[in-house]
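Those sequence lines, one after another, are chains A and B. For the first sequence, counting from 1, position 411 maps to 410 in numbering that gives the first Met the number 0; every step adds exactly one. For the second sequence, counting from 1, position 59 maps to 58 in numbering that gives the first Met the number 0; every step adds exactly one.
Keep in mind that the hints were calculated from the coordinates and are not lab data.
In silico SDA-like links for lysine to any residue, alpha-carbon gap of 20 Å or less:
id, chain 1, residue 1, chain 2, residue 2
1, A, K319, B, D67
2, A, K236, A, N306
3, A, K236, B, C72
4, A, K236, B, T68
5, A, K319, B, F103
6, B, K111, A, P333
7, A, K418, B, S157
8, A, K236, B, I69
9, A, K319, B, N87
10, A, K237, B, I69
11, B, K111, A, R417
12, A, K149, A, L160
13, A, K237, B, T71
14, A, K419, B, S160
15, B, K111, A, L420
16, A, K419, B, K111
17, B, K111, A, R309
18, A, K419, A, A332
19, A, K179, A, V169
20, A, K237, B, F25
21, B, K73, A, D310
22, B, K105, A, P305
23, B, K111, A, L330
24, A, K236, B, R64
25, A, K419, B, S112
26, A, K236, B, F25
27, A, K418, B, T159
28, B, K111, A, H325
29, A, K319, B, N66
Covered, in the sense of this in silico footprint (three residues per stretch, anywhere, with C-beta under 8 Å from a C-beta of chain A), are these stretches of chain B:
id, stretch
30, 60-74
31, 89-99
32, 114-124
33, 169-177
Computed from a prediction, not measured in an experiment: that's the story for all the values here. Backbone N, C-alpha and C fix where the C-beta goes; we use that ideal spot for every residue, glycine too.
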Amino acid sequence: MPDYQLTTSPSLRKRHAKEARFKWYGRIAIGLSLGFLVFMFLAIILRGAGAFSQTKIYLDVQFDEQIIDPTGARNPQDLARANTKPLLTQSLSIIFPDVTQRKDKQRLYKLISSGAVYELADQIQGHPEWIGTSRHIWVTASADVDLYMKGKIDTSLDENLRKLKDRDVVWVDTLKAEGKIKKTFNTAFFTNGDSREPEMAGILGATLGTFFSLLVCFAIAFPLGILTAVYLEEYAKKSWLTNLIEININNLAAVPSIVFGLLGLSIFLGVFHLPRSTPLVGGMVLALMTLPTIIIAARASLRSVPNTIRDAALGLGASKTQTTFHHVVPLAAPGMLTGTILGMAQALGETAPLLMIGMVAFIVDIPGSVTDVATSLPVQIFLWADSPEKGFVERTSAAIIVLLVFLVLMNLLAVFLRKKLERRW
Amino acid sequence: MDSTEVTKKQPVMSTSIMSAKNVDVFYGKKQAIKNVSLEIPENQITALIGPSGCGKSTFLRCFNRMNDTIQTCKVTGDIRFAGQDIYNPKVDVVALRARIGMVFQKANPFPKSIFENVAYGPRIHGLAKSKAELEHMVIASLKSAGLYNEVSDRLHESGTSLSGGQQQRLCIARAIAVQPQVILMDEPCSALDPIATAIVEELMESMKENFTIVIVTHSMQQAARISQKTAFFHLGELVEFGDTKAIFTNPNDQRTQNYISGRIG
Chain A
0 MPDYQLTTSP
10 SLRKRHAKEA
20 RFKWYGRIAI
30 GLSLGFLVFM
40 FLAIILRGAG
50 AFSQTKIYLD
60 VQFDEQIIDP
70 TGARNPQDLA
80 RANTKPLLTQ
90 SLSIIFPDVT
100 QRKDKQRLYK
110 LISSGAVYEL
120 ADQIQGHPEW
130 IGTSRHIWVT
140 ASADVDLYMK
150 GKIDTSLDEN
160 LRKLKDRDVV
170 WVDTLKAEGK
180 IKKTFNTAFF
190 TNGDSREPEM
200 AGILGATLGT
210 FFSLLVCFAI
220 AFPLGILTAV
230 YLEEYAKKSW
240 LTNLIEININ
250 NLAAVPSIVF
260 GLLGLSIFLG
270 VFHLPRSTPL
280 VGGMVLALMT
290 LPTIIIAARA
300 SLRSVPNTIR
310 DAALGLGASK
320 TQTTFHHVVP
330 LAAPGMLTGT
340 ILGMAQALGE
350 TAPLLMIGMV
360 AFIVDIPGSV
370 TDVATSLPVQ
380 IFLWADSPEK
390 GFVERTSAAI
400 IVLLVFLVLM
410 NLLAVFLRKK
420 LERRW
Chain B
0 MDSTEVTKKQ
10 PVMSTSIMSA
20 KNVDVFYGKK
30 QAIKNVSLEI
40 PENQITALIG
50 PSGCGKSTFL
60 RCFNRMNDTI
70 QTCKVTGDIR
80 FAGQDIYNPK
90 VDVVALRARI
100 GMVFQKANPF
110 PKSIFENVAY
120 GPRIHGLAKS
130 KAELEHMVIA
140 SLKSAGLYNE
150 VSDRLHESGT
160 SLSGGQQQRL
170 CIARAIAVQP
180 QVILMDEPCS
190 ALDPIATAIV
200 EELMESMKEN
210 FTIVIVTHSM
220 QQAARISQKT
230 AFFHLGELVE
240 FGDTKAIFTN
250 PNDQRTQNYI
260 SGRIG
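One chain only, chain A, in its complex shape:
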């Protein structure tokens, strides 16, 4: 007798349950990974947000010509090297007239960043007309004062266990009461190079180092990668040699990046004697690393162009090169570009190979070209994470935020280009 039953049966119920279970496994997996991601972002943002503000102290500075420029020549180079320390100590003494002991004065002076003298000298160089006048200016506070202002120093702790002593706290509180101390946006973080003083340290040097490295990386890896892919995919006849090349390109993509660093060290530095610690060599090493990624992505997108298009062009009497560059490459371009950008994004976050070629040095100067010594953002993060000063903790996280912003921007660019260039058949 035929079975007309449409309602569920035990065996069907079992199948449905299996399906439901599987769906939940998937949801749990996604939930967990999203949870980790949110946790990571929150941790970094909460920790790094502080670095975007910086404590400044309001001082009434007498720009005494006798101290700054005794000769009166106003030579810009001399002005930049002017001894501004007495100006700052004088100004502090005005606020705290009752601090007279030499030791106490030294202590008091520690409220101000040791880099403040250079900031002041730079300002004088920019405004020589200030000499001989008296002005109110905001100078950068020391890292410990900064941390205290951000509530990151527990004053209930025993005095010997913290760098900011009780007396310092009293002074800061006095300044606070007089409105002579405030937190402002930390522009120095974006305009300075590295520094031993957390309050003076910035990411501009590292960012430019990264920028120059990626520039070199792109200039090498993009043309080489695309040409290799086009040749292998469109021109090369299949033989044991092309098979060997193909296998090796795939293998290269899986080689740990530090190995590329070693290669750069021994070849670019050891054999060719290119300048050490420069974005030029860094970019070349990153290019080696990015090359297989670009080639693989470009080949995949070339392969996804249907053969009917090649037939159509060849059948009309187009040459191989015309067929390739008039029809195949334009259709494969979105995929090629996406692959390139993703490869560059990978290079952006790369640290290990740069350590090997010396881009890990402490570099204060901001690089102006690919042959200037520099470091890169991820290496800067690595260096700061290693620093004992507490002020670097938030700066490390802030640098990570900046790096992540760049990464997200590059990925968005990839998505945008793909959407824009994509052609419908």
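For chain A, the structure is supplied; the task is to place chain B on it using the hints.
Okay, now just chain B, sitting in the frame of chain A:
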């Protein structure tokens, strides 16, 4: 043998524009075409028919050396276009394909505008001296392909936005624009509905005045309707070649008989 039979089998008088002599085609070790010889008459439609896998498409692709793109494919024998051996190393395959155009099984317009699709051939071959001349050529080609009236107001829209039948006619217009002598058609109607097929068949009928057409088709009815000559292939061999009428009414070979009566295929 009586005399009426002989006259019936006399070929339609015409000079041949292409000829194949003792052609063998191999894919690696596998032989796809076995010792085929035939002549393609000028300004006529020659149909290549046979069951799937019989090698008719492979044979067609020998005429404009499209088989060159398949690495494992090897062609031996003598194929001539207007008396010249097309497999001679001195022959430029680009020039050859400008003389012998091709229309493929699946309509394959470039993902560009209708105008650009047709203009591409004349442009790469430098056929038009001015923009106006190019425009004129594109319009003339679209008219020859019977497509102009349907697309005249949207020449700059994508060629891929057309219907299947229109796309195939666009591909024919694109082939015509290069002004070839021969047009090879590889099952041009296999993906089209009967109405679109009828339009394309009508078009071929009018095209044979100016072009020699070689068409591969798996539809015997189509071959019977449009062609003057028919070649029947089976397992890589040319079983029978002659006037279409003769092949369909009075085949010499038992295999042809079986195929056209539907017993194999």
